[in-house]
Amino acid sequence: MSRITSKQLLKYLVCLSVLLLLSACEVNRLRSIEEHYRQRRYAAAIQEADEFIRKAANGAFITRAELARSSSYHQLGLMSLQRDNQELALKFFKLSNSEAADKDLAALYKQRITEAIQANDYEKQLIYVNNILREIPRSELVPEMMYRRINLYLDYLGHYDHAWQDYMDLFDRYPNDSYEVAARKSMERIVPNKKAYGQRLAQAGYYNEALTQFFELAKYPVVKTNEINQLIGDAYRGQAEEYLHEGDYLEADRFLRIALQYVPDQRPQIEAKLQEIVGLFIKRGDEYLAVKDFDTAMTYYQKVFEIIPDYPPGLQAIQRLNTTKQNIARAAQLFELGQRSEASGRYAEALGLYQQANSLDSSAEIQKHIANVQNMIEADRDPQAFARKIINQYRGGLLIARVNLKKSELLANYKANEVRDSGWKFLLSTSQYKYEVRYDLMSPRETFFYVWQVNLKDRSIIPLNKISEDLMK
Amino acid sequence: MKRILLLLFLTLAASLALAQKFDIEAFSDSTKYGWENYLDRADYREELSRKQALLQLYELEINSLKRGVLKSMVAPGWGQFDNKQSIKGSIFLASEIAMVGASLYFFDRSNYYYQRYLNATQVEEIESNYNAAVAPRQYSLIFAGVGALIWAYNIFDVIQSTEEYNARVWQRIEAKDRESRVRMDGIGIEIEF
Chain A
2 MSRITSKQLL KYLVCLSVLL LLSACEVNRL RSIEEHYRQR RYAAAIQEAD EFIRKAANGA
62 FITRAELARS SSYHQLGLMS LQRDNQELAL KFFKLSNSEA ADKDLAALYK QRITEAIQAN
122 DYEKQLIYVN NILREIPRSE LVPEMMYRRI NLYLDYLGHY DHAWQDYMDL FDRYPNDSYE
182 VAARKSMERI VPNKKAYGQR LAQAGYYNEA LTQFFELAKY PVVKTNEINQ LIGDAYRGQA
242 EEYLHEGDYL EADRFLRIAL QYVPDQRPQI EAKLQEIVGL FIKRGDEYLA VKDFDTAMTY
302 YQKVFEIIPD YPPGLQAIQR LNTTKQNIAR AAQLFELGQR SEASGRYAEA LGLYQQANSL
362 DSSAEIQKHI ANVQNMIEAD RDPQAFARKI INQYRGGLLI ARVNLKKSEL LANYKANEVR
422 DSGWKFLLST SQYKYEVRYD LMSPRETFFY VWQVNLKDRS IIPLNKISED LMK
Chain B
402 MKRILLLLFL TLAASLALAQ KFDIEAFSDS TKYGWENYLD RADYREELSR KQALLQLYEL
462 EINSLKRGVL KSMVAPGWGQ FDNKQSIKGS IFLASEIAMV GASLYFFDRS NYYYQRYLNA
522 TQVEEIESNY NAAVAPRQYS LIFAGVGALI WAYNIFDVIQ STEEYNARVW QRIEAKDRES
582 RVRMDGIGIE IEF
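One line per chain: the protein sequences are A and B, in this order.
Using our numbering, read the first sequence as starting at 2 and increasing by one per residue.
Using our numbering, read the second sequence as starting at 402 and increasing by one per residue.
Mixed in with the good hints, there may be bad ones.
Just a few of them, taken from the derived set where beta-carbon distance is under 8 Å, the chain A residues facing chain B [what the hints assert, rightly or not]:
{"#": "1", "residue": "26"}
{"#": "2", "residue": "58"}
{"#": "3", "residue": "59"}
{"#": "4", "residue": "61"}
{"#": "5", "residue": "67"}
{"#": "6", "residue": "82"}
{"#": "7", "residue": "89"}
{"#": "8", "residue": "93"}
{"#": "9", "residue": "134"}
{"#": "10", "residue": "135"}
{"#": "11", "residue": "136"}
{"#": "12", "residue": "452"}
Calculated directly from the structure, the hints in this document are not laboratory data.
If you're wondering where the values come from, they're calculated on a predicted model, not measured in any experiment.
We treat Cβ as the ideally placed atom computed from N, Cα and C, and that holds for glycine.
Working from the sequences, and respecting the hints, build out all of it.
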């Protein structure tokens, strides 16, 4: 009895173990999917895979199930093609979403493009070409499709910018591919317009935009190198001329030099232009030197050498600048000495020093001092005579003339013996260099007492009464 | 027999009634996985390619299910040790040793009394030895049975734990891969695609 019990127990245990093993394994369910695929039961494989992917815990198994599902869709797509069901095949290839399926999908699209070409339906051609380019960007058909799209844009849609964009992409990604080489011919229809547009931009002063246009063209083998270099060189020269006009000579120089790289045959003209720029620098420096802005003047002279090193006129200009600076320094010294001499009453010496200073660096200040010192010398020599001279020379003898006129008026109204005058009287005034000048006119009914103060230092005349003031007007 | 045939017939009828018609439109709907356009498809493919590249690494790092089962069949708990579950493995091993030990002990006791029963000549002695041999035999069987159950559960468990372990291996590999694609520095975050 005990032996039977043991055997039965063992049997139950074995059954239980097998059941547990079968039910526990996630891997068994994955194997089932893969087995379906191997047995070409693709729909079953897909359905089980969908279920498995939703529920499974192990990411690696899910990945394997996804791969099996992808392959199954691909096979279903191929089977649909065999049965001439292209629509279904398209869907299955898309669901497969793999490199292999993409290859078949691209072939299918290409077949449809061929049919559209035969039917002369360019819209459908464009749709399928776009589908390949957009959905299967790594397809080997991409260069061909880009070429086709370029021609569709040019032939049917007139989208020249899009065609150019496609060509650039084609060249950037597949340089020297047979389709890229073929597309160069198509680009001959666009390039002249693009060149003309760039030239128009340059003529309108949009140099950067024009250069962008030309450089874009220069990157691609659709235009002769000499031709595009000429356009670029011209644009840079135009830009340089503009900077020249604005007075930004360094920028003008920079652009001329860049232009020279593109159009070396124009070297003589460009170098002449550079020399013209250099001359303008010197001229501008001279202008600053004239107003004694030495730093700015030097900056301009130095810029000359950035364009033409050791340019002789530039060196001469700097020499001039240094001499001027030395003269000014010397003039300042002489002026200071002159002031000291003047202060100590040595007017003749001061005058000499001031005149020397003025010859080195003429200024209103020095000239004023020269005039003052000359006045002082004359005042010292004969102050009364100098005062007379001042009165006589005042506005070309205005005072003398008007006094004489007034006297004539009185003589016309009165008898000669009735009109009397004092004559010009010069009297020392409040200080050494100030004189009072009087002239009295008397008639029976009218009297005129003119009186002024003359400052010998600065030759100024101040009226001391109303009628004297009126006479000076 | 009739009952079995009736049962089979009913099962077939029910399955036919419940079976749904295969919907080819739904089956071939190219948006059914949430890929609304080519960009979504490209994203999915990118992700799948990334995961596919990790499968090789995964195969190198996982524990073999077959090997784990074999090990646990030979020594309960061994497979769990491989899956880094040393406590569980120790419990299985100790339990199995205890059950087998107890079973052998009682089997030995039973055999001892059974030999005495065979050698006995007196009726009373025969009866007492027989009775003394029956109880240990039953205990021995019970412990052997429990031991067998533990052994079987140990096999079931090693399958579960190996799959869990392997799932964790995948998660770790994937996380490491993501980390290697995302780099953080003082300036910002850089992601490799």
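The hints, checked one at a time:
A cut of 8 Å between beta carbons decides the hint on residue 26/A: the least distance to chain B is about 6 Å, and the hint holds. A distance limit of 8 Å between C-beta atoms decides the matter here; for residue 58/A the minimum to chain B is near 5 Å, and the interface restraint holds. Restraint check, residue 59/A versus chain B: the minimum CB separation of about 4 Å is within 8 Å; hint holds. Nearest Cβ of chain B to the Cβ of residue 61/A: about 4 Å, under the 8 Å cut. The hint holds.
The beta carbon of residue 67/A is positioned within 8 Å of a beta carbon in chain B (closest approach about 6 Å), and the interface hint is therefore held. Interface restraint check: residue 82/A against chain B, minimum CB-CB distance 13 Å, threshold 8 Å, status violated. The restraint placing residue 89/A at the interface with chain B holds, with a minimum CB-CB distance near 6 Å, inside the 8 Å limit. At about 6 Å, the closest approach between the beta carbon of residue 93/A and any beta carbon in chain B falls short of 8 Å, and the interface hint on this residue holds.
Interface hint at residue 134/A: violated, since its Cβ lies 10 Å from the closest Cβ of chain B, which is beyond the 8 Å cut-off. Below 8 Å, beta-carbon pairs count as interface contacts, and residue 135/A has one with chain B at about 6 Å; its hint therefore holds. The beta carbon of residue 136/A is positioned within 8 Å of a beta carbon in chain B (closest approach about 4 Å), and the interface hint is therefore held. For residue 452/A, the shortest C-beta to C-beta distance to chain B is roughly 91 Å, which exceeds 8 Å, and the interface hint is violated.
Comparing the model with each earlier hint shows violations of hints 6, 9, 12; every other hint is respected.
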